[in-house]
Amino acid sequence: MTNAAAAQPSGDLAPRAQPGWLSSLAFDVSTRRAVIAIVAALIFWQVGSTSRAWLGAPLPVIGAVPSPDSVLRAWSRLLFDTGYWQSWMWSTFRVTLGFAAATLAGVPFGLAIASNPTFRGAAFPVFELLRPIPPLAWVPASIIFWPTQELSIAFVIFLGGFYTIVLNVVGGAAAIDVRLIQSARSMGASRATIFRRLILPGVLPSIGVGMEVAIGVTWEVVVAAEMISGGGSGGAASSGGGLGFFIWNSYVGGAYPDIIVGMISIGIAGYLSSALIRRGVARLTPWLRRA
Amino acid sequence: MNAPFRQARTRGAIEISDVVKVYDVGGAPVQAVDHCSLSIPAGEICMIVGPSGCGKTTLLNAIAGFHGIDGGAITLDGAVLCGPGRPTASIGSDRIVVFQNGALFPWKTNLENVAFGPIVQKTLGKKEAREKARALMADAGLGGYENKYPGELSSGLQRRVEIVRALINDPAVLLLDEPYRALDALSKSMMHEALLETWYRTGVTIFFITHDLEEAIFLGHRVVAMTSRPCRPKKIFTIDIPHPRRYDVLTSPRFRELAAEISAVVDEEAMKSFALGEKEG
Numbered sequence: 001m002t003n004a005a006a007a008q009p010s011g012d013l014a015p016r017a018q019p020g021w022l023s024s025l026a027f028d029v030s031t032r033r034a035v036i037a038i039v040a041a042l043i044f045w046q047v048g049s050t051s052r053a054w055l056g057a058p059l060p061v062i063g064a065v066p067s068p069d070s071v072l073r074a075w076s077r078l079l080f081d082t083g084y085w086q087s088w089m090w091s092t093f094r095v096t097l098g099f100a101a102a103t104l105a106g107v108p109f110g111l112a113i114a115s116n117p118t119f120r121g122a123a124f125p126v127f128e129l130l131r132p133i134p135p136l137a138w139v140p141a142s143i144i145f146w147p148t149q150e151l152s153i154a155f156v157i158f159l160g161g162f163y164t165i166v167l168n169v170v171g172g173a174a175a176i177d178v179r180l181i182q183s184a185r186s187m188g189a190s191r192a193t194i195f196r197r198l199i200l201p202g203v204l205p206s207i208g209v210g211m212e213v214a215i216g217v218t219w220e221v222v223v224a225a226e227m228i229s230g231g232g233s234g235g236a237a238s239s240g241g242g243l244g245f246f247i248w249n250s251y252v253g254g255a256y257p258d259i260i261v262g263m264i265s266i267g268i269a270g271y272l273s274s275a276l277i278r279r280g281v282a283r284l285t286p287w288l289r290r291a
Numbered sequence: 001m002n003a004p005f006r007q008a009r010t011r012g013a014i015e016i017s018d019v020v021k022v023y024d025v026g027g028a029p030v031q032a033v034d035h036c037s038l039s040i041p042a043g044e045i046c047m048i049v050g051p052s053g054c055g056k057t058t059l060l061n062a063i064a065g066f067h068g069i070d071g072g073a074i075t076l077d078g079a080v081l082c083g084p085g086r087p088t089a090s091i092g093s094d095r096i097v098v099f100q101n102g103a104l105f106p107w108k109t110n111l112e113n114v115a116f117g118p119i120v121q122k123t124l125g126k127k128e129a130r131e132k133a134r135a136l137m138a139d140a141g142l143g144g145y146e147n148k149y150p151g152e153l154s155s156g157l158q159r160r161v162e163i164v165r166a167l168i169n170d171p172a173v174l175l176l177d178e179p180y181r182a183l184d185a186l187s188k189s190m191m192h193e194a195l196l197e198t199w200y201r202t203g204v205t206i207f208f209i210t211h212d213l214e215e216a217i218f219l220g221h222r223v224v225a226m227t228s229r230p231c232r233p234k235k236i237f238t239i240d241i242p243h244p245r246r247y248d249v250l251t252s253p254r255f256r257e258l259a260a261e262i263s264a265v266v267d268e269e270a271m272k273s274f275a276l277g278e279k280e281g
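Chains as they are written, first to last, in this note's numbering: chain A, 1 to 291; chain B, 1 to 281.
Worth flagging that the hints you see were computed from the coordinates, not collected in a lab. Computed from a prediction, not measured in an experiment: that's the story for all the values here. Every residue, glycine too, gets a C-beta built ideally from N, C-alpha and C. It is possible that part of the hints are untrue.
Quick partial rundown of chain B residues pointing at chain A, CB under 8 Å, derived from the structure [said to hold, decoys possible]: (1) Ala-64; (2) Gly-68; (3) Ile-91; (4) Ser-93; (5) Val-97; (6) Phe-116; (7) Asn-147; (8) Gly-151; (9) Leu-153; (10) Ser-154; (11) Met-271; (12) Phe-274.
Only chain B is shown next, with the shape it has when bound in the complex (with noise of 0.2 Å):
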């Protein structure tokens, strides 16, 4: 499965075991991640979805090294990023996170934005991370927004050039943290086949969080629903949908009957945090 697509990467393999988080709330402990092991091989989209405030993100921003776990390790191509006697994950453009309402800098065009990477770690001159910027957004279908401010763009576009700006460092995961859950329908969709389509050029690790079953299913390798606080897999599906996949897959019998069985246990994981008074987030 997925075999001609897969093969090519040999980078970005993230290995989660038994990762403990536990978040002080007011002098009281709150496990928001207890013994969680997920295993993602190089190259694959794994799609993460769970009740809301499930500690997905904190998963997420563990891996991204924007804070740090209190038991159990993280491993990225075999090498500690976080673990036994290192708490939190050095911060790097291996790992690149694409947030929900972007994070892409208003006061830089979108060339600036997409440069900015390769410039800052003096990796590439000035006139070269330009030139690769323009290119990259040329692929992308983002010709002749170079110039424009992130402002000027409809939200859509803005997560276009975010993911662009993450790709020009070669990072060996992308960490998307509900990307698209402001966008409305049309637009989701068509951002759904421009990330497959950047996948199937780089094949980059996506690690990608989402409250959209449908989003999950389309987009990912595998789907990984996730329990209520405490988090943890509660069952990983196989999506045997092969690439390339397009939307019209959506309307498949095969597509359906996923749909209804991963709904099924997202639902009662859902109804658990709701019974629980979980907050949104």
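For reference, chain A alone in the conformation it holds in the complex (with noise of 0.2 Å):
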């Protein structure tokens, strides 16, 4: 190509010969940055991955892990199969039956908690007390708890978001300024106008940090549940055992880049469903936004 032509943008060539195709293309520095960082990680864990073939013998751990190229291949497999997609949707459905549950029961328990010590003084030690032990902890007793297996997993996920939401809100209704509360009540504000207008908005921002937080817990104990539990109502039927049934049921059947396609998708899923948090808290507080 000439410099003329390169100057003249002319035809569908010319865009391309512009010198501001490159860098747009490359974003900015951080995000190039991310991309040579994912690109290098993929290159190490291929060469790694596939040492037994040209090294005569595995690397350890990394030799042992299937390589990218065989978990390409599973997951487009995996793409058409309705069992994947069923574990995709039983988990979901998990999380947001539990995680839903954390989030009405949490913010209540929160507010209640931090504006009437009386409350505050009967529950939050019992509260503090059963926090420390993990949710996974509970799997064995939920289940002898819970009349069905689908309960005692709901519960369980529960648990998980529960004790992150609660303890943001009570932190988030702390840090309100109590001059903001003085104010109110000199422009003659009630305590029911002053919990609407003041703590309520004043909580919605930690309300958000706790469920973004609390949705990330929710998809751990999720996973970790459905393979202690067996995968739930679908038992070892792979379509009700949801994505943590799946990874396991992949190691059991010894469809290793099936496992990596699994934890994958949790990845992708916990990525997805915090994004969408944040995205609809964003919404509810365009205050921070414009700040």
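Quick one: dock chain against chain with the hints and give me the complex.
Rendered as structure tokens:
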């Protein structure tokens, strides 16, 4: 291509000859760094996992991992597998259920603890005693307590989200500047008005943070709960098992690349649900966005 | 002096008589305010200066009703706010506080903030309250900021919004607790002129706590120098510089003379409080 052709953008080749083309594709510095890091990790993974072929003997740890290309092949097969999508569906369903219950119970509970000293005195010690028990330690007890396996999984997920949301709500309410409340009172606001117009919006950002962290916890918990309980109501059939059981089942069945597919799927699910919540909360808290 | 401005105001006279306030600090009683008496006529701008932690804010909180007193009485236009048998004043929209770091509601737009009082008191409908808020904001030079959030404004503008938010309730007294402390010198001088303008329009009584002597002399009809803890008026200075004042009075000989006089009294107390190791506050 001649200089003249580059200088005069004409025809469909011209835009590509412009100097801005590369930089616009390369986004900003941080995006470029992220892309480079991911590509480097993939190369490292590919080289390491195929070490048996080019080294004669597998490298420790990474040599036993399925290679990225085998994972990709497994994934492209699984994309047309209804069982895989049903696993997604079941886990998403359970997370949604447990998380919704955790939010619906955790926000009022946290607000009650924050705004009522008597309730705080009665409920908070119990809460703090139970909180250090990891949700997964509840799995056996939960299976005994609850009539169905599905309910026991939902309960364990609920616990995973509940503590996080409550703590954030309590912390958020405590962080509200007392002078805002004094101001509102001097302008004639009643207790109910202060709760509705000050405490609630004041706590909203903390509820958002709590929900965002909690949804991550619930994805951790659902996977482990599904593995331990053997896949909930679906039993051994992969259809009702969810992504946790999908991973476990792939391990038992020796389909190692599928394990990685399951792991990445959970990563994606967790990321998407966090992003969804972040966006929802940002919409409800416009004053933070514009500040 | 200042008669044309003050005559119109018949509301907002504060009488502080023999007020005592004792704090319990880790079991040991600390006397914050000791037999403090001060009479503020309706429509006066009364500036309170004194060392940090001397108990000025304690006095303001007692007037506002944020906490009680242990002796004496405070009246507003003859009615007892707090006194014997009634340690804590009720909090009311006749006395509104503007704090040092501001207390605008971050999640409400500036207009919603200003309209808050009349709406929650139900003295005006939502629509009327917003209209009034819009008008008052325009008067205060805050037109164009109605739909912004407080976080989008400079702290100087935020303080102005907050004063308008107080004024919409037609208070008898404005209680200002170092509202301009965090501002730079230029914003501060603009705030001062804006506050005086507000006062020329409304004649509201202003109880103003500050550390800044120039601010005190520029704004006040009187400057009350407080003793270091326990707090009581040490000396009251009448500022005989006529209103309306403009910023060039700062360089006038009378202003410098007053500044030197008040500074001598305040510094003496500050040294005492420094020697005692009083905490900032």
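The hints, checked one at a time:
1. Ala-64: Cβ of Ala-64 of chain B sits 6 Å from chain A, so the hint holds.
2. Gly-68: At about 14 Å, which exceeds the 8 Å cut-off, the nearest Cβ of chain A leaves the hint on Gly-68 of chain B violated.
3. Ile-91: Given a least distance of 5 Å, the restraint on Ile-91 of chain B holds.
4. Ser-93: 5 Å, holds
5. Val-97: Since the shortest Cβ distance to chain A is 6 Å, the answer is holds.
6. Phe-116: Status holds, d = 6 Å.
7. Asn-147: 10 Å, violated
8. Gly-151: With Cβ-Cβ at 3 Å, under 8 Å, it holds.
9. Leu-153: Since the shortest Cβ distance to chain A is 10 Å, the answer is violated.
10. Ser-154: For Ser-154 of chain B, the interface hint is violated, since the closest Cβ of chain A sits about 13 Å away, which is over 8 Å.
11. Met-271: 31 Å, violated
12. Phe-274: Constraint on Phe-274 of chain B not satisfied, violated at 27 Å.
Violated hints, listed in ascending order, are 2, 7, 9, 10, 11 and 12; each of the other numbered hints is respected by the structure.
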